[in-house]
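Q: Turn these sequences into a full structure, and let the hints steer you where they fit.
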Amino acid sequence: MAKTRFRSDRGLTARMGAVSLGLGALYVAFGAFLIYRTNLFFGAIIVVAMAWGQWYFSDKLALRSIGGKEVTPQQAPELHGMIDRLVALADMPKPRVAVAVTDMPNAFATGRSPSHAVVCVTTGIMQRLDADELEGVLSHELAHVANRDVSVMTVASSLGLLAGYITRWGMYFGGGRRDSNGSLPMIVVWIASIAVYFISFLLTRALSRYRELSADRCGAYLTGRPSALSSALVKISGDIARIPNRDLREAGGLNAFFIAPAVSGASIGALTSTHPSLQQRIDQLAEVAADLGQTI
Amino acid sequence: MGICDAILGRSKPATANLDVLFSVPQAALTLEAGGGFTFTGIGSVCYRPNEGAAFRTVEAEVIQLLDASGGKAVEHTDDKFGFRWLKVERPAMDVGGMVTDLHAVNSSLTDAGFGQSLLCSLVNFTSADDQPVALVYLYKRGTFFPFAPAGAERRDNELELMVRGLVDEDIPIEPELARWFAVWGAPGL
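Sequence order for the protein chains is A and B.
Counting along the first sequence from 1, when you hit position 102 you're at 109 in this note's numbering, and nothing is skipped either side.
Counting along the second sequence from 1, when you hit position 184 you're at 174 in this note's numbering, and nothing is skipped either side.
It should be emphasised that the hints constitute simulated quantities derived from the structure, not laboratory data.
Idealized CB from N, CA, C, for every residue including glycine.
One thing to keep in mind: the hints can contain errors.
Unchecked claim - FRET-style restraints, in silico, Cβ to Cβ:
#1 B:G24 <-> A:Q82: 32 to 42 Å
#2 A:E85 <-> B:Q121: 25 to 35 Å
#3 A:E77 <-> B:G175: 21 to 31 Å
#4 A:I52 <-> B:S97: 53 to 63 Å
#5 B:D120 <-> A:P100: 33 to 43 Å
#6 A:Q134 <-> B:D69: 14 to 24 Å
#7 A:P100 <-> B:A23: 30 to 40 Å
Stated by the list, open to error - Calculated cross-link-like contacts (lysine-lysine; reagent style DSS-like; alpha-carbon spacing at most 30 Å):
#8 A:K242 <-> A:K76
#9 A:K76 <-> B:K70
#10 A:K67 <-> A:K242
#11 B:K70 <-> A:K242
#12 A:K101 <-> A:K67
#13 B:K70 <-> A:K101
#14 A:K101 <-> B:K77
#15 A:K101 <-> A:K76
#16 B:K77 <-> B:K62
#17 A:K242 <-> A:K101
A: Given below as structure tokens:
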């Protein structure tokens, strides 16, 4: 067996497992509650179907919402060349490559499976980063693809979506039939939904942060240059903080797939953010760098 | 990758498969007999230089090892994608020696834990009418594909497919054409 320097972070894996378990339990409990106690089962199917559609068409939806256009190797030879080599290193199918014309420096990967994935970078990020840094960012995005983060995050967040819908609309369509087969009063369902929404929100955000850290880690081991990714993160995080919010709110829904969150705000606490703090990410990359420097 | 790895966000880096390299001499014979292709005496290894002292030490050892094994001194160049190429030159008849040298580079890097940074190895040939073509070995797949550059960032796909037809029996050819990526900047091509 060949030796490898790649080590998965036990603590990170354990935390991620715990959060996934928590979300899974919440799923089962809320699903059982909806089936046995209310008339909302049909509505629940519709919401889950919507989440499925969002997952299945994630590549097209995400590209359209940010205005990304797929590019051929002739149109963007450098970008394709970089991705060609990274996928050959990682032994994964090559995703489609897209470029979005916007000054906001960012990149994201989406698509329901590695063979339907698309990696999109903005013209803003290509202007700001040098080749090594851009490669670090691309390897982070490819790690998202390899880790199947779009699928996992869709499954994780559709529960919150469902609870959110019931919280918002349940009062209107659940009202009349509460006594037909022993269903609970709507107010109970409503309160339960709020609780589920709140808990799943926190858990989903925690999961998203762990997966970002995991993608940083895999990406850094792939290129062997954790410092290039660090410096890219510092550059674009600073830039995103400087850009006025008005242009960025449109991109808010895509936040979970971006390399750095587009909507920044000091008021959003560490518990509810989709991305770990810059400091945390840089600390982890420094650990990878130290590990690469050691003789084994 | 299992569902468990997907949930836990782990994807392990692919490890390199080196032994298939030793089937190249047979392919070289077939290429010479069947298509008039001759080995040019040049081969190369492409890898991703990692940051840190450990990698630099291994790299220096590898170069020393190759220089000691005879033939011309090893040259290294960095391409525009940040990958490093080691160019190995041997007498034009000695495909077996070339493969042994390439294997030595690869196994040194792998033993030091840098196997995931190996991109590909090339063995260069020229066709009867002086067109360059290389057999590119993909470590992570354990397969080969032919690469024939034709001028500025253009490839001669016809020649590549012809080579594939010739050596199909001798070496495992990468079945997915999408993975036949272009290796511009390879030394000696």
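Q: Each of the hints needs a verdict: does it hold here or not?
A: How the hints compare with the structure:
1. B:G24 <-> A:Q82: 32 to 42 Å: holds (38 Å)
2. A:E85 <-> B:Q121: 25 to 35 Å: holds (26 Å)
3. A:E77 <-> B:G175: 21 to 31 Å: For B:G175 against A:E77, whose Cβ atoms are near 26 Å apart, the range 21 to 31 Å holds.
4. A:I52 <-> B:S97: 53 to 63 Å: Holds, at about 56 Å.
5. B:D120 <-> A:P100: 33 to 43 Å: At roughly 35 Å between Cβ atoms, A:P100 and B:D120 fall inside 33 to 43 Å, so the hint holds.
6. A:Q134 <-> B:D69: 14 to 24 Å: holds (22 Å)
7. A:P100 <-> B:A23: 30 to 40 Å: holds (35 Å)
8. A:K242 <-> A:K76: Roughly 24 Å between the alpha carbons, so the hint for A:K242 and A:K76 holds.
9. A:K76 <-> B:K70: holds (25 Å)
10. A:K67 <-> A:K242: Distance of about 28 Å is within 30 Å: holds.
11. B:K70 <-> A:K242: holds (22 Å)
12. A:K101 <-> A:K67: At roughly 17 Å apart (the allowed maximum being 30 Å), A:K67 and A:K101 satisfy the hint.
13. B:K70 <-> A:K101: Distance ~20 Å between B:K70 and A:K101 Cα, so the pair holds.
14. A:K101 <-> B:K77: With Cα atoms ~27 Å apart, A:K101 and B:K77 stay inside 30 Å; holds.
15. A:K101 <-> A:K76: It holds: about 17 Å lies between the C-alpha atoms, which stays within 30 Å.
16. B:K77 <-> B:K62: Status holds; Cα separation ~10 Å.
17. A:K242 <-> A:K101: Roughly 27 Å separates the two Cα atoms, so the pair holds.
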